[in-house]
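Chemist: Now for the letters of each chain:
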Amino acid sequence: MDIINQHTETKASIETELKKMIVEVIGEDFITENEISTEDTFTDGLEMESIEIVQFADLVKSQYGEKADLTTWLSDMGLEKIIDLKLQEVIDFIEHEITMHN
Amino acid sequence: MANIKVNGLKLHVQQLNRKASETIILIPGLLGNVAQWYFTFAPVLAKNYHVVMFDLKSHGKSEKGKGGFDLKKMAEDVLGLMNALEIEKAHLVGYSFGAQIALKFAVIFPDRCNQLILLESPSPKHSMVYQVMEEQNLKTLEEVKQQLPDIVMGKVKNQMVGEGKVSRGKTRVLNSIMAVFKHLCWETTLIEDLDREEEFENEDLLMIASDTLLLYGSESDCLDEANNLAKWIPSNHYLLKEGGHWYPLENPVEVAEDVNNFLFKTSKSIFSQIKAL
Chain A
16 MDIINQHTET KASIETELKK MIVEVIGEDF ITENEISTED TFTDGLEMES IEIVQFADLV
76 KSQYGEKADL TTWLSDMGLE KIIDLKLQEV IDFIEHEITM HN
Chain B
751 MANIKVNGLK LHVQQLNRKA SETIILIPGL LGNVAQWYFT FAPVLAKNYH VVMFDLKSHG
811 KSEKGKGGFD LKKMAEDVLG LMNALEIEKA HLVGYSFGAQ IALKFAVIFP DRCNQLILLE
871 SPSPKHSMVY QVMEEQNLKT LEEVKQQLPD IVMGKVKNQM VGEGKVSRGK TRVLNSIMAV
931 FKHLCWETTL IEDLDREEEF ENEDLLMIAS DTLLLYGSES DCLDEANNLA KWIPSNHYLL
991 KEGGHWYPLE NPVEVAEDVN NFLFKTSKSI FSQIKAL
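The listed protein sequences derive, respectively, from chains A and B. Position one of the first sequence corresponds to residue 16 (the working numbering), numbered consecutively onward. Position one of the second sequence corresponds to residue 751 (the working numbering), numbered consecutively onward.
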């Protein structure tokens, strides 16, 4: 498998994992994986509460450990940027960090 | 998500930089939760300290309790958390009701409290209960308990969506906030506990051994208490910033830098005192 395909596969699997986590946090009664777009923002698009974003970051930490330190990455951004953050940006960040560690 | 059982209830706890030698515990205000610190305030402090954040009982993702919302019991929850995490001594940072808890902790467990940082600590007699009674002309605690959820939710809804249509997601968030409110007002002793709370005794404030930072907004309605604490706590540093009661929540990074500087300066002065001995 060439490098481009490896990256695509990693991004796709990260996307699947993150969508599962979002459903876990918000609850199946309110959202399904099919309803989530990678262009959704966490606050306006997915309409998550701030405590739910903390829970999501915690799940990311459990899944990807120190390889992708989401908390530090987010804290360097400032609050305004976090509010506008899209799911795709988190996927790109995790994929980048995993690639760097391998 | 880390849950730690403290005094019979599971509290939601988050930690950053566990390897650091000194610990800071962050105590949120009423209706707050770890999210108020997690992405902004805590990471600044975590560059130098082990930071512990937790949700008060019946708040955020912590388990619901029925009673024990008085400052003494809340301070005992902080102690229980420290014991569970094997933390001998910690710096305490509290905001609003959380600052009152931190202050109570410093009074009753002085040996476990390092430096103390009080952000917008109101007088226990200037609680949400008194404010609502005054604003809404309510006469009894029962009236407060019945009407408070709707009064506050009206304000929150207005802030979140204004006059616009409420989406499914926002309805979910509003319902979730309302559920917490109803639980606190109708199923717990919170309102009675807030009402029963007494002012801190001047003698107790005089005995506080911790270096204390008092940080308030210049437009805050808690300045009477700020002046009182500045008068009685022996070693205090009083910082007045441009803003109101929400200043620490609206300017988390700036406040975290102030806390960092305060801890650094006071540690240095303690170090020089030890050297001088």
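Incorrect hints may appear among the rest.
[As the list claims (entries may be wrong)] Distance windows between CB atoms, simulated:
{"no.": "1", "chain 1": "B", "residue 1": "GLY994", "chain 2": "A", "residue 2": "GLU48", "range": "38 to 46 Å"}
{"no.": "2", "chain 1": "B", "residue 1": "LYS797", "chain 2": "A", "residue 2": "GLU95", "range": "48 to 56 Å"}
{"no.": "3", "chain 1": "B", "residue 1": "MET957", "chain 2": "A", "residue 2": "GLU48", "range": "53 to 61 Å"}
{"no.": "4", "chain 1": "B", "residue 1": "LYS839", "chain 2": "A", "residue 2": "ALA27", "range": "42 to 50 Å"}
{"no.": "5", "chain 1": "B", "residue 1": "GLU969", "chain 2": "A", "residue 2": "GLU50", "range": "39 to 47 Å"}
Derived by calculation from the structure, the hints in this document are not laboratory data. For glycine and all other residues, C-beta sits at the position ideal for the given N, C-alpha and C.
Chemist: Now tell me if each hint is right for this structure.
Modeler: Tested hints:
1. B:GLY994 <-> A:GLU48: 38 to 46 Å: Holds: the Cβ-Cβ distance is about 42 Å, inside 38 to 46 Å.
2. B:LYS797 <-> A:GLU95: 48 to 56 Å: violated, 21 Å
3. B:MET957 <-> A:GLU48: 53 to 61 Å: Holds: the Cβ-Cβ distance is about 57 Å, inside 53 to 61 Å.
4. B:LYS839 <-> A:ALA27: 42 to 50 Å: Since LYS839 of chain B and ALA27 of chain A have Cβ atoms about 49 Å apart, the given range 42 to 50 Å holds.
5. B:GLU969 <-> A:GLU50: 39 to 47 Å: Given range 39 to 47 Å: holds, Cβ gap about 43 Å.
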